[in-house]
Amino acid sequence: FTGCSKPQTETAAPAEEIIKVGWMGSLTGDQAVWGQCELDTVKMLFEEINAKGGLLGKKLEVIGYDTKGDPQEAVNVAKRLTGQDKVVAILGPNASGNAIPIAPVLEQAKVPDIATVATNPKVTVLDGKVKPYNFRVCFIDPYQGAVAAGYAYDVLGFKKAAILYDVADDYSQGLTQFFEEFFVSKGGTVVAKEAFKFGDVDFRPQLSKIKEANPEVLFLPIFFKEAALIANQARELGITIPLMGGDGLPSEQLFTMAKDAVQGTYIVNHVDYDDPEVQDLKSRYRTKYNKELELNGYLVHDAVVVLVDAIERAGSADSVKITEALETTKVKGVTGQINISKETHNPEGKDAAIVKIEGDKYVFQQKYSAK
Amino acid sequence: MLKVQDLNVFYGGIHALKGVSLDINKGEIVTIIGSNGAGKSTLLNAISGFLKYKQGVIEYKGEKLPISPNKVVKMGICQVPEGRLVFANLTVEDNIMLGAYLRKDKNKIKEDLEKVYELFPRLKEREKQIAGTLSGGEQQMLAMGRGLMSDPEIMLLDEPSLGLAPLLVQTVFDIIIDIRKMDKTILLVEQNAYKALSIADRAYVLEQGRIKMEGSAKYIADNPAVREAYLGAKVQ
Amino acid sequence: MDLYYIQGILLLAGINLMAVLGLSLLTGFTGLFSFGHAGFMAIGGYASAMMTVKYGWPFIPALLMGALAAALVSAIIGKLTLNLKGDYFCIATLGFGEAIRLVLDNVQYFGGARGWPGIPNYTNLTNVVIINVVAVIILANLIRSRHGRNMIAVREEELASQIVGINVFKYKLISLMISAAYAGIAGGLMAHYMTFLQPKMFSLVKSTELTIIVIFGGLGSISGSVLGALVLTSLPEILRSFSNWRLVIYGLSVIIIMISRPEGLMGGYEFTPSSMKRLLTRLKNKREDLPSQMEGGKPL
Amino acid sequence: MNILELQNLTKTFGGLTAVGNVDFEVPKGKISGLIGPNGAGKTTIFNLITGVYKVSEGKIMFKDRDITGKEPHFIAGQGITRTFQNIRLFKKLTVYENVLIACHSNGSYNILESVLRLPRCRKQERELKQKADNLLEIMGLQDRKDLIANNLPYGLQRRLEIARALALNPELLLLDEPAAGMNPDETAQLMSLISEMRPKFDLSVLIIDHHMDLVMGICEKIMVLNFGCKLAEGTPQDIQNNPKVVEAYLGVEG
Amino acid sequence: MSQFFLQQLINGLSIGSVYALMAVGYSLVYSIMNFSNFAHGGVIMLGAYFGYYYLTKLGLPFFAAFIAAALTTCVLAVVIERGAYKPLRERRAPFLYFIISAMGASIFLENIVIATIGPTFKSYPEILSRTPIQLGSVTLGRLDLAMFIISAICLALLVFFIDFTKMGKAIQATSYSVKASALMGINTDLVIIVVFALGGFFAGIAGVLFGMKYTVYPQIGIITNKSFIAAVFGGLGSLPGAVVGSILLGIIETMTSGYLSSNYRDLIAFVLLIAILVFRPRGLMGKVTEDKA
Ligand SMILES: Nc1ncnc2c1ncn2[C@@H]1O[C@H](COP(=O)(O)OP(=O)(O)OP(=O)(O)O)[C@@H](O)[C@H]1O
Ligand SMILES: Nc1ncnc2c1ncn2[C@@H]1O[C@H](COP(=O)(O)OP(=O)(O)OP(=O)(O)O)[C@@H](O)[C@H]1O
Ligand SMILES: [Mg+2]
Ligand SMILES: [Mg+2]
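Chains as they are written, first to last, in the numbering used here: chain A, 1 to 371; chain B, 1 to 236; chain C, 1 to 300; chain D, 1 to 254; chain E, 1 to 293.
Now the in silico label distances, taken between C-beta atoms and shown as ranges:
#1 E:Arg89 to B:Lys61: 27 to 33 angstroms
#2 B:Lys3 to E:Ala64: 53 to 59 angstroms
#3 E:Asp163 to B:Lys124: 21 to 27 angstroms
#4 D:Leu112 to C:Leu235: 33 to 39 angstroms
#5 D:Ile138 to B:Gly19: 36 to 42 angstroms
#6 E:Arg89 to C:Gln7: 42 to 48 angstroms
#7 D:Gly69 to B:Asn25: 58 to 64 angstroms
#8 E:Arg92 to A:Lys291: 47 to 53 angstroms
#9 D:Lys244 to B:Glu111: 34 to 40 angstroms
#10 D:Thr10 to E:Pro240: 32 to 38 angstroms
#11 C:Asn121 to A:Leu156: 42 to 48 angstroms
Below, a list of computed lysine-lysine pairs in the BS3-like style, where the Cα atoms sit at most 30 angstroms apart:
#12 E:Lys169 to B:Lys106
#13 E:Lys166 to B:Lys128
#14 D:Lys92 to C:Lys79
#15 E:Lys179 to B:Lys115
#16 D:Lys92 to B:Lys54
Keep in mind that the hints were calculated from the coordinates and are not lab data. Think of the CB as a built atom: it goes at the ideal place given N, C-alpha and C, for glycine as much as any other residue.
One chain only, chain A, in its complex shape (with noise of 0.2 angstroms):
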């Protein structure tokens, strides 16, 4: 009688037979494509890792949650996996804005962070020091504007630039100052610079300013869903100049939303999607889930190697040890190799991909670092 009190339903593995790493990310909002996809491919690899017998004899598994791409909420998020969900490294968030505040709650949890797309210098540096939990695998806003700038310039020969940025987002913000930085002191003119504030479909008035001042390329700092309506109303009101952007451009949205409009756009690009190394993930998660893999996928796909990597090195799944073997990263990811820099945290001298959009591929056109 009394051993019934006690169901024995559940067979889960025992709780140290279990890694948790958390994830946070975007799952409602402008960015909720990048942010299911990154969950969906972290979960992906995870089974692939379990099915072939796990880490260190153990099984991997994500716990995953929304941050709303709200930075208090962020926090929330980061306290609750590493105080309630426990968990040994988190990975993610995208955004910058949600990357920088949860800093304290690593430190105070000393778990580490494997931040994906979050391209603003102090996600892991803040007045020269170095934050000891935040690391992360994409290249930052400075490198980034200045591949921009310097490709628009130097080989795509363009001296007379307009911006039409997100007054609001940090990300557009960042992007937009590195990049007028370069291109001016390359020698090339910013010939307008507008702004537009998230949330607005309409650009036509900024457009026609632009349109007046002449430019030979207009530099989209931002997001892809703005990307697209300013296409659509750039051509619209006959802007035929290329256009050329970050890595916030590249998404399959952006063609079903502005296919004509953004041919031959310019993107700087994290990645080549036509590189062989990255077609068999292309292919995996394609079989999975019936969708594209989004640029988020391939960078949260070497966030987890990274962090695989370190696991296995640190031949532990305590999280300060993990931290320590974080440091030392030199692995190969799909996005390049990961070089991770003791005194930065991010990877150093990775290369950008420049693409370019033809018909519904992006097409790519070159690895260009700049100087």
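On the provided structure of chain A, position chains B, C, D and E with the ligands as indicated by the hints.
Same frame as chain A, now just chains B, C, D and E with the ligands:
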């Protein structure tokens, strides 16, 4: 024609009408007198279909009255509410025309409009004024005029002389008599018990939500208890 | 549940409560509806962070500086808009809140839209609790004084208030300023809890959330605001594992509370010893006095 | 001695002259009446005196000081208060709270004192509450002090409005149709109440009403208004016998 | 007039007409119920989704899908009224509660879409060619023109309905006093249903047009804040006010972007809004009536 039986109305915990019964015959002027808070307005609102009542029946020409003001109006019962309730942001004219909302007979409406303006020349003068800025008395006239426009069979008048100058009070009571002559039945709630009793056929005394007395207007007016409680130590 | 995690939720509830208390004075007791309180939080947050980061001030003076800044700005806004009625005032405050955010997005001194990291981590559960207790006492004292009653009068009926000698505009302004000061402190607490400020944090959604808490807790009730802040801050956390469905549930529960209990959780009642006594006597009165009132009450 | 003087007072709404060039004095320590047909401009005059409407032309002198164009709360502070034709209580508050609020000007402690609950605040609060209780006692509302004002019977609401007005220690009390909606018996009671009140609170009173029993019964001076202009002025006797007033307002009473 | 000015004017008019379609629904409900129906944005969003699904999944022809979407939101708006407002109405709750209930509804609608359909964007198939009409160097989008015309027709029909039909008159009367209207024999409950149905119909039209022009996503509601501001700008509760306010807001926004700074466009628009309210506390066309004591 109108028959109320054992009506009980509650406002939350407050028992406002406690088993009220009354009858009104065609062509009569019946008045209800009672002090403040006796439940007079409550009774009219219940008849008009504004209030859900727990117990009791209200019948009109042998049919149960629905609890839905617009259906009640359709059946020919129209209330001129206490406190005027004019459409404050519409003009005087719009207000009056809304009174005829349910009517279709255009010519007759015109005729009635003229009649209303005849009864209340002040309204004609202020035709285009926004009703909310009328003086208290003017609003009362407007409410009466508007009620007349629906051409009802029974008019429920809730303190029509409220806030009117003495001269006009007389006029209003004259109008009530005129209205009756138009083959209408009138249920009149009044504080001005003297006047009301002087033009009414029959009267009810309502006290604390109960009918305390009923009878011919003359009988009520002569009753010493009523005289003391409602007609007061009238000067003059 | 893990203590650290619960602490985090309580901290956040405490910070929200601070802003909610302020809004409660404005909305619950003075009858003015604001959609811009996140704006005051932002001002308080940035001002106090400026004090600690750029001038090295200690925490509490910096918080007070934030409160002062928010109150001053609110005075200017109030002077312009407090004469507006109902929704018009709402929309003016909404405009103000958005405008503050827009300005902050463009001020590179504070990091613009990219945010401002590296603010010292001063906020902890102890000081949040202490500050909230002080705030509640101050508010309760105010409400129980003639000044508080004057605000309530303004909420009930402006013209009558004027006629009994209440300077309606002045009391609206005072209420707005105090409420902005509270929001300012909340902003300061938030800044030193998150160690990071970004204009995005003070969006219209934040303002709406505060208003919902006030109404959910019950207009004109301080204890309601406390309860509301605790419940509504932790509700999304409790529902966190429902992922996408949690906001659906949240929205639904707001509607259900409104239609089933429109006076909010506490609706005008307070949890104080004396009020509990009063409530009891009121209940008793209802039973004993009412019949006599109906039957025995002689007119005049 | 006059407590209030209206000099050439005019108020126009758009093209409409609601009050035109009215001169009028309210004697100190007496009960005066203001009567006239509906729409004559009586309530408008009250609104002008209390600052609810802005004066178009003319002057209002209270205790020989010009109060034209001042804010309503300022005028209330000077000692003029009123009741409304359409009752305006703090409907959702209790009877007691209604009066207590109006007592506020009897206190002088400031916000800081109230927040810290300093002794002066506590002492004055006690006094305010005392005063409110006293007033309710005098007005016979003590036994209903915890009722919500809106649930009071109409007559008591009017009474509460007067109680609330008295809480300000006014010198001049303006009553706008206090007997509206009352039956003759209730009106008579109101009359005696007002007559008692006047000496007790050292008031001057100005009443608008259409109940001639009341107006003629307690007013010492009456002014008649017609179409915004003064038609007559004098003792109740004079007024009742004035043919112009009879024609325009009183009618031949039955 | 410079080409640039003309182009900005056209841009402004076209943005304004989007605001107008949305603002009319707000104003309509406001005029009867005296509260700002924040759930309107959610209904517009669903209108856009319905239109999208009717077109792509059911394969309805455009106009059928258009009307079907509008009818669906019609029903939806009435359902929201029954569920979230009617109980409050029966209790005579103050306007604040309506607003909060509306906010709850709006949070609910947005998130139910996220939870069921998902957060991804949907694009309408191309119904009108994207190549614009050229007038000199000024361009005019075909869709904009269509929208402008459709808005104008709808608004004209609405004005006709309000001013010249019996139901319209009943709506006007009910907006002033529900009890008095009932006494005139007006079925006020029906009037309220009709008003929400109309509001919902307009929301559907606005949603579909919006979706065609931009895209469909769960946060469309954000943009309706702008139309809310426009409605206030013009004077809440006034239909012509809503239209004028919307067009003006559209033009002010574009001109600010064009001639001053797009960074501070919203700031300037807000400052202007507050300035207008300071001088005209009831908006441009709202009625100013003195409170009669
Ligand atoms: N909406 C309400 N809620 C609660 N109580 C109410 C409501 N309306 C009326 N009452 C109460 O019901 C009782 C009857 O009110 P009613 O208005 O019917 O009186 P009346 O006879 O018309 O008085 P009056 O002469 O003042 O118009 C009163 O005690 C009143 O306080
Ligand atoms: N705010 C206003 N706008 C326009 N006209 C107004 C306004 N207030 C009053 N009036 C007009 O001024 C005139 C005087 O109104 P007032 O209210 O003073 O009359 P009254 O003498 O008090 O009448 P009653 O005895 O009926 O209350 C009326 O014709 C009224 O319509
Ligand atoms: Mg009554
Ligand atoms: Mg009057």
